[in-house]
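Undergrad: One letter stands for each residue in the lines below.
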Amino acid sequence: MSARGRQRVFEIAAPLVAGVLFLAAWQAVVQWQGIPPYILPSPLLVAEALWRDGPSLLGSLLVTLRITVAALIAAIVFGGALAILFAQSRLLEISLFPYAVILQVTPVVAIAPLIIIWVNDTFLALLVCAWIVAFFPIVANTTLGLNSADRNLVELFRLYGASRWQTLRYLRLPAALPYFLAGVRISGGLALIGAVVAEFVAGTGGTETGLAYRILEAGYRLQIPRLFAALLLLSATGIAIFAVLSWLTRRLIGHWHESALPRED
Amino acid sequence: MTGAGAMKPENYETNPIFSLEGVGKTFRSGTEALNGIDLTVASGEFLSLLGPSGCGKSTLLRIIAGLVPPSQGRVHWEDEVRGQIGFVFQEPTLMPWATVWDNVYLPLRLAGRSRNDASASIGATLAALGLGGFEQAYPRELSGGMRMRVSIARALVKSPRLLLLDEPFAALDELTRFRLNEDLLRLWQEQRWTVVFVTHSVFEAVFLSSRIVVMTPRPGRIVADLPIDLPYPREASLRTAPAYAERCRAVSAVLNEAVA
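Here the protein sequences come in this chain order: A and H. For what it's worth, the numbering used here labels the leading residue of the first sequence as 434, then goes sequentially. For what it's worth, the numbering used here labels the leading residue of the second sequence as 79, then goes sequentially.
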């Protein structure tokens, strides 16, 4: 096996072994100490709950996922557009950027009730909450990227009489792409968190309920293994979103950007 | 130069391409970069601006290119050359996301030429710089010397009338620099654009130039204007010729005296 192949196996095996050891220790502690499942369920019990409740939880996961994806797309569209607008006018950037920061630093839990009052449609209200959390990294990163094109290249474009649009299309946008994608990767995780937090606040019942409500519900009923199963699904979703966005990053800029190149030691 | 029967290129004073009249530059920080620069550049000349770092040669080049406005004086163009200027920076300054072909295509793309329409000029320019076969390579896959070749190809693809180079070979190893010097001279003789070349190397300036303008720092001003009367074509063998060594010694003496 090549040195790189061995390295790869090691990188996969080491965290796997650590995980198995952790689960084994957890199982052992729960059994030996006789901890009741409504305090801390054993991993085996969680697995059983996941197997039993999986299908019903999956339906709820789909609801949460729909909000997450819609919020991420809205964040990409509005965040990207806002960043491009900022790059066109310094005045606009200086005038509006502080408000984007205010929106970012205000905890979404605190404003979610207001949004739920103002927006009648539940799906839309949850979407707005998740969007508020997700859009800032995209705005901030893309603005930075658009402004960090090589200064000599900017001068070269000027020398050749490039229009504003040409400079944006052929220089600033490609230069901003790695920054934008880094922002999207952060926002992907944040959109999920935003969706879950908003669902907690909204606490919607009925048929179209997200995974967060299932977690609350399981908590009230002391169905702790089910709560853990829902939690597990949520983490797996977050990991999947991150993996998909990382793959997309490699596809889009892997052929040229430093961050995506294999390191040569 | 010491009575060397200064051979001036043909049409030297009869056919100027642009002239600087009392050009000065003071930056907003208060630093005076240039003071009272008078210089007429003739069509077809290979002119080097030679001086230590901090003498404002790069600033002067940017003023000529129209990238920086002068604080005093003006640049007078004999005829419309704007839009026909090629610029080569100290760094290759390529777009890392674009292939060699697309990097060289840039000036033509900005002028609204289609890829099909541009492909003949791009092919010819890449071939002239020894970049044939590297069309689809990305800048990161190339050596420093090859990147600089791409940068020069980009500056030449639009058949400029004036080529401005800002210490383009300073970061390269000596062997690569020699090769690029020779290739640049060969292309200059074939295509006959006018060159303003910024350098701090006496040897490089003497090897390339038909005329050397020596500058001193703080503030940058012109202290000597020396024609180099070595005949073209200049081959690699010139580097070991006594005549070359003699010119280098003379230019060094002027430079030392100016800086002292």
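Hints in this document: simulated from the structure, not taken from any laboratory. The C-beta atom is built at its ideal place from N, Cα and C for all residues, glycine as well. Treat the hints with care, since some could be wrong.
[To be verified] Here are the in silico distance ranges between beta carbons for each label pair:
1. H/Ser149 - A/Leu525: 48 to 56 Å
2. A/Arg602 - H/Thr104: 35 to 43 Å
3. H/Glu99 - A/Gln537: 52 to 60 Å
4. H/Gly208 - A/Ala673: 42 to 50 Å
5. H/Gly108 - A/Ser435: 35 to 43 Å
6. A/Ile517 - H/Ala202: 32 to 40 Å
7. A/Arg439 - H/Ala323: 35 to 43 Å
8. A/Ile535 - H/Ser149: 41 to 49 Å
9. A/Trp551 - H/Gly108: 41 to 49 Å
10. H/Glu110 - A/Ala514: 14 to 22 Å
[As the list claims (entries may be wrong)] On the chain A side, residues computed to face chain H include the following (Cβ under 10 Å):
11. Glu481
12. Asn585
13. Tyr593
14. Tyr603
15. Leu604
16. Leu610
17. Trp689
18. Glu691
Undergrad: State for each hint whether it applies.
TA: Structure-based check of each hint:
Distance hint check for serine 149 of chain H and leucine 525 of chain A: the Cβ-Cβ separation is about 31 Å, which falls outside the suggested range of 48 to 56 Å. Checked against the given bound of 35 to 43 Å, the beta carbons of arginine 602 of chain A and threonine 104 of chain H, roughly 36 Å apart, stay inside it. Separation of glutamate 99 of chain H from glutamine 537 of chain A is about 54 Å and conforms to the stated range, judged on CB atoms against 52 to 60 Å. Against the hinted window of 42 to 50 Å, the Cβ-Cβ separation of glycine 208 of chain H and alanine 673 of chain A comes to about 48 Å, which satisfies the hint.
Between glycine 108 of chain H and serine 435 of chain A the Cβ separation comes to about 60 Å, which falls outside the hinted range of 35 to 43 Å. Under the hint 32 to 40 Å, the C-beta atoms of isoleucine 517 of chain A and alanine 202 of chain H, about 37 Å apart, fit the expected range. Taking 35 to 43 Å as the suggested C-beta distance range, the pair arginine 439 of chain A and alanine 323 of chain H does not conform, at roughly 58 Å. Between isoleucine 535 of chain A and serine 149 of chain H the C-beta distance comes to about 42 Å, which sits within the given range of 41 to 49 Å.
Between tryptophan 551 of chain A and glycine 108 of chain H the C-beta distance comes to about 55 Å, which lies outside the given range of 41 to 49 Å. Checked against the hint of 14 to 22 Å, the pair glutamate 110 of chain H and alanine 514 of chain A fails, with Cβ atoms roughly 44 Å apart. The interface hint given for glutamate 481 of chain A is broken, as the beta carbon of that residue sits about 50 Å from the closest beta carbon of chain H, more than 10 Å. Interface restraint check: asparagine 585 of chain A against chain H, minimum CB-CB distance 4 Å, threshold 10 Å, status holds.
Using the Cβ-Cβ criterion of 10 Å, the hint placing tyrosine 593 of chain A at the interface with chain H is satisfied: the shortest such distance is roughly 4 Å. Residue-level restraint check for tyrosine 603 of chain A holds (minimum Cβ-Cβ distance to chain H is 7 Å; threshold 10 Å). Interface hint status for leucine 604 of chain A: upheld, as the beta-carbon distance to the closest one in chain H is roughly 7 Å, under 10 Å. The criterion of a C-beta within 10 Å of any C-beta in chain H is met by leucine 610 of chain A, whose closest approach is roughly 7 Å, and the hint holds.
For tryptophan 689 of chain A, the suggested interface contact is upheld, since its CB lies about 5 Å from the closest CB of chain H, less than 10 Å. Taking 10 Å as the C-beta cut-off, the interface hint given for glutamate 691 of chain A holds, the closest approach to chain H being about 8 Å.
Figure legend: structure checked against the earlier numbered hints; hints not met, in rising order: 1, 5, 7, 9, 10, 11.
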